[in-house]
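Colleague: Each chain is listed here by its residues.
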Amino acid sequence: MTQKEITYHLKDIQHYYGNTKVLDIADLKIKKGSITGLIGPNGSGKSTLLKLLAFAQKPTRGNIFYKGRIELPFSPTVRSKVTLLTQKPYLLKRTVFENIAYGLKIRKDKKHLKERVKKALLTVGLDDQKFAVRKWHELSGGEAQRVSMAARLILKPEVLLLDEPIASVDTESAGLIRKASLKARDNWGATLVIASHDLQWLYSISDRQLSIFKGNIFSTGLENIITGPFLKSGIKSDGKTLVKKLDDGQIITLKAPGKKTCTAVVIRKKNIAISLEKQLDNGLLNQLSGHIVSMLLEEKKEIIMATISIHNLAFILRLTSDQISRINLYPGKKVILKFHPNDVEWI
Amino acid sequence: MTQKEITYHLKDIQHYYGNTKVLDIADLKIKKGSITGLIGPNGSGKSTLLKLLAFAQKPTRGNIFYKGRIELPFSPTVRSKVTLLTQKPYLLKRTVFENIAYGLKIRKDKKHLKERVKKALLTVGLDDQKFAVRKWHELSGGEAQRVSMAARLILKPEVLLLDEPIASVDTESAGLIRKASLKARDNWGATLVIASHDLQWLYSISDRQLSIFKGNIFSTGLENIITGPFLKSGIKSDGKTLVKKLDDGQIITLKAPGKKTCTAVVIRKKNIAISLEKQLDNGLLNQLSGHIVSMLLEEKKEIIMATISIHNLAFILRLTSDQISRINLYPGKKVILKFHPNDVEWI
Amino acid sequence: AKTESLMMATTTSTDNTGLLDYLIPHFEKETGIILKWTATGTGKALKLGQNCDVDVLLVHAPPAEKKYIASGFGKDRREVMFNDFIIIGPEDDPAKIKGKSTSDALNAVKSKQTAFMSRSDDSGTNKKEKLLWKNAGIQQPDKEKWYVQTGQGMLATINVAQERNGYTMTDRGTYIKYQSTKGGNAPLKIMVEGDDILLNQYSVLTLDPKNCPNAKYDLAFKFSDWMASQNAQNLIKDFRLLGQKLFIPNAK
Amino acid sequence: MDFIVAGFIKAIELLISGDTSTWTAVWATIKVSTCSMLLSIGAGLPCGFLLGYFDFKGKKHLRTILDTMLAFPTVFIGLMVYAFISRQGPMGELGLLFTLTGIAIGQTILAFPIVTAITASTIENIDHDFKLTLVTLGAGKRHIITTCLWEVRFGILAAAVTAYGRVLTEVGISMMVGGNIKYHTRTITTAIALETNKGLFADGIALGLVLIMIAFIVNLSLSFLRKQ
Amino acid sequence: MDFIVAGFIKAIELLISGDTSTWTAVWATIKVSTCSMLLSIGAGLPCGFLLGYFDFKGKKHLRTILDTMLAFPTVFIGLMVYAFISRQGPMGELGLLFTLTGIAIGQTILAFPIVTAITASTIENIDHDFKLTLVTLGAGKRHIITTCLWEVRFGILAAAVTAYGRVLTEVGISMMVGGNIKYHTRTITTAIALETNKGLFADGIALGLVLIMIAFIVNLSLSFLRKQ
Ligand SMILES: Nc1ncnc2c1ncn2[C@@H]1O[C@H](COP(=O)(O)OP(=O)(O)OP(=O)(O)O)[C@@H](O)[C@H]1O
Ligand SMILES: Nc1ncnc2c1ncn2[C@@H]1O[C@H](COP(=O)(O)OP(=O)(O)OP(=O)(O)O)[C@@H](O)[C@H]1O
Ligand SMILES: [Mg+2]
Ligand SMILES: [Mg+2]
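Residue numbers (the numbering used here), protein chains in the order written: chain A, 1 to 347; chain B, 348 to 694; chain C, 695 to 946; chain D, 947 to 1174; chain E, 1175 to 1402.
What the hints contain is simulated information worked out from the structure, not anything from laboratory work. Positions of the beta carbon are idealized from the N, C-alpha and C atoms, including for glycine. Check before you lean on any hint, since a few could be wrong.
[To be verified] Subject to a maximum C-alpha distance of 27 Å in a straight line, what follows is the list of computed BS3-like cross-link-like pairs (lysine-lysine):
(1) A:130 - B:579
(2) B:428 - B:358
(3) D:1087 - B:457
(4) E:1231 - A:108
(5) A:300 - B:625
(6) A:135 - E:1231
(7) C:730 - C:769
(8) B:405 - A:135
(9) D:977 - D:956
(10) E:1305 - A:21
(11) D:1077 - A:88
(12) A:214 - B:376
(13) D:1077 - B:435
(14) A:135 - D:977
(15) A:232 - A:214
(16) D:1003 - B:405
(17) D:1005 - B:405
(18) A:130 - B:405
(19) B:368 - D:1003
(20) B:440 - E:1231
(21) C:904 - C:916
(22) E:1305 - A:105
[Claimed, not checked] Covered stretches of chain D (chain E as the covering partner; in silico rule of three or more C-beta atoms under 8 Å from a C-beta of chain E):
(23) 1093–1102
(24) 1147–1153
Using the sequences and the hints given, assemble the complete structure.
Modeller: Written out as structure tokens, the structure is:
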């Protein structure tokens, strides 16, 4: 990758709210024209990261290189090029038209304003005639969300950062937003970073997924994370293993962490096998029984994302259609997940 | 049903914003202890209906009977019994603790306040020690949403209305909110009405689903709705059929509506058949080819909800596991949907 | 017994010079009556009496006082003391009025059109000034450029005169105070003084009980008596402001 | 210019020396301003709430009238109050003329529209979602008022502080209704007017500084209410 | 009481008869108040914005000082301005004493803290999400200021109207700096003070009503800016 092709390079970024560290990223590069999906539970730091990428906040420590240069909030080189759809979109106390046109107006770019606003509204599935004249408060939740999206799309930014763009948006509009995002990349080479809890949607749009957990990033995409409490008494109570007990009696055995400070464990997708029956001589191998809850298609890769519920834990695996049709998997089917206690990473 | 068992009875309700009618419900009953799911695209009137049910607004026309009596906003008989989690939850400018305790405090119910708040926080998966002392703005989007939910749950209301309770909430918490809602019904007989765009989640929790479209309710649950534009030239251009042309060349033929004012058509799930191959002699039968996008388990009924994408239209069918394993359906598989032009209802 | 109290309205000059602060404690000690006063313009003082909001008046506008009694508002007018008015102006005396009689001086001011400040507030002082114009045979100026109507108290008016390099008529007490604030080197000097017409008579008025039955007529009369008493008259004689005598007692 | 410097020195002298007339004026000022602020806040907050929270016909006109009341000259208010409490006025029997109570009444009339107008415009700014949230949590009318007012406490603080500044510095009412009677109804502002009238500018400045000091102390002790 | 009725009648007479002294005072009042309002809004809005928008060390103290400035007595301000522009003062050369310009300067000093304080507390109330939205839409510093101020326009209107009421009704500065010179620097308020002092209470009331009428007309013409 040449420097030109790297839109963002985050180096030793740490961000604190008060004394609490909420983000800790040693090194992260985001390629020009890529669509990156951010996955992580509530409070993991997605919005914080997006705000930093938008140069709306300065990281407590570390530097963000934008196209190879360190940039700071309000820097004119990024100000009109990077735009963020915030998690709680806020509409100015004006009409929908004025809200969408606002960004263009401050850029003094007023050519064909009416038509462009109309087009932007259409892109998010709203009818210009019905909505352009509405006041900011005369909208439903999803409509407001989509107006905010239109206000970002109309700017044709180099970088489009979307924080939960389809929360409270209906399925059809989610499709439209997906299309519009892809178009932004294809038509004017925009770089996108998108945070969402709708994994199917996110997988259907992004080239790469980053998993965030407690401010740390796993660049291999969505991974299965198990949080404590863990107990000491393993099968061999030698101190080298920990166990997690589920309420239904199943037990997960895990290699003990090196450091004491770890509170959660990652089990990578590639280390988990799925089958219909338990193996007999398992040794330490974890064999957890559960059932499939959902199966979603990742459109671009023809891969199916399956969510398996093990009592109250949810595991996500990516399967090919071959794997699925071979053992005839469908939602509701009982399955066994297998992984070795050593194939875990503590964080 | 005796009168006592009917929590809500809406009669000839119409609601207007300015001159626009956004809700039109001739008759709707909601049983005590039931969980009702509201499904509908953005702007269909879900939030408006919930606000009416919460007695936060008076319908422009018509009456709402609560346990058999007409009630109005601020009526003391409903005020402290019905509570609504609004779509954009708002936190008071206080600590999380004060936010959750607020409802109890105004009810002068201050016994064991600390413990109850702690429990409420736990119910939505937040740690009391970490969160109770936080200020309202020191929360991530999903955390704020969950705090709002806790503030409703702690009230143990007779009626719990939830407007998009899991938008921007992570999967694990969505599960917790589901559990808490079910518990509210089971433990103290609460009646719940929930609006959500997450259909799997909604189906996993509700006994009955109401579909709303442009302010009209279909009490048979989620249905497939196709909106215009429609063209006149059917296969037989006799004026008795309309067609919808998809961009990929496929054509949907529909019986023309009786009234001119109709703008959308409902095709009920039960009238749609799924197969792997087209029938040869089809007559007027619509045979649309597409592929399965997702398959989700409705936990309670062991039924699988499949979303099928026909170019840019999404159809939803409910299938049994038998049906699925017989023709080995999985996400990504190409399928044909069949329905007759006469089996449609215009709205 | 309950201590009785009396409410008086008076003009700013008696208050501003400090005369009342000096005199009244003696009155209170001798009679046991508490006297409170509000100092305002003569017009407002008379009005407060007319509305029965006070019990006694100490003012200095003889023609208005007489009219007041004739209208049935006041009763016993007792002259208690006087001081005098002077005309002051800048040291270089642009209208050359120094030492002239009052009428000549005003005519000179008018013909030279040098600035002349007037309080124009219907106070006792202002009424006297109007009398002087009339006496000099000049029609009361109003919109003439050189005639500046300040509508303010005496000291403020002197200040305007100083800033504008003009003349004004003032009572001697205020002038002494003004001088002292300037450290004895005031830009404005006395130009005209000593004319009979410049006498400034102060009188005590009680209110007509017919108009104000609730006013404390008895106490007011006591005050009036006391002001005319030898003791009070001596006190007035001895009152000095910055070492200069200010009021001359003349109760009959 | 010298009198400004002299004024500063004099201000310190006045306070240290415990000059009776200054201290009685200080007390009078504190008493009436406290009293009138309590009254005007007590009346102004609910009125401001009603005006800001609800939408009703004629609301805009009411606001215009209220805004106009902000421009009632103090002397005008003083005259009106005087008309009522003068011995011949309808409330003459109460003997309120030339008393601190009389001044407090006038100052309440002065401060009321300020508190009301600023409160109303602050309440108007309240998020619609906030109102909805309160209702859905089961708040009754009383709770809605108190919670709303608490929610916009910084705005209300601004209203109170502005009104306080107005009350503390007004002369017209104190002069007309109180009569500037030494040791009784003389407040700091009427004392300033008097000293200035006498040409004792330094004394005027000194008393002005004393007043500003009072305001400073009050504001300092209120500042803990401010947003951190 | 009678003088109130008389005052109402007189107010109408004064305006209809075209009494020169009244009309010159009306003009003087309108001129100085307009001028000082423009200046204080021009300076107060940006200052209020800075104070309300940003968090910085010492902000709370700055607010306390500003709140204290709300309690500057007008006579005090008048004396300070007088000290500067009197002939012996440092700016004596400009000849501003006893001019409307001089009054306007003093009134600007009076109105500035009011505009600033209320603007600041309104801006403080702005949603954090709103600020974030502006930044993410690419607004530069200038746009952030103007958009924020426009967003809270109702609050700013309240600030302006309050300050206007203060300026319109103040006497101390006009008296001290303007000198209440008939046909020149006499404003309505100084005229009221004069008439009242003369004991012409009805005239005082009449002039008060004239002033209130001006305020009413101004507020009426501003009311189209109000929330509908
Ligand atoms: N204050 C208002 N004034 C005018 N129209 C409004 C107002 N609020 C909502 N609407 C309109 O009323 C309709 C119903 O709105 P509502 O909020 O009930 O929709 P919803 O089903 O909750 O949508 P969403 O899924 O986006 O939350 C929408 O068409 C919306 O545009
Ligand atoms: N202003 C603040 N002060 C203190 N802590 C904060 C503040 N804002 C966020 N946090 C905390 O920082 C962490 C990261 O928050 P962030 O908003 O980035 O999470 P997120 O991944 O976007 O979560 P969500 O999915 O709920 O939107 C959370 O633990 C949150 O509680
Ligand atoms: Mg977030
Ligand atoms: Mg909604």
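Colleague: Run through the hints listed earlier and report the numbers of any the structure violates, in increasing order.
Modeller: Hints 4, 6, 12, 14 contradicted; others consistent.
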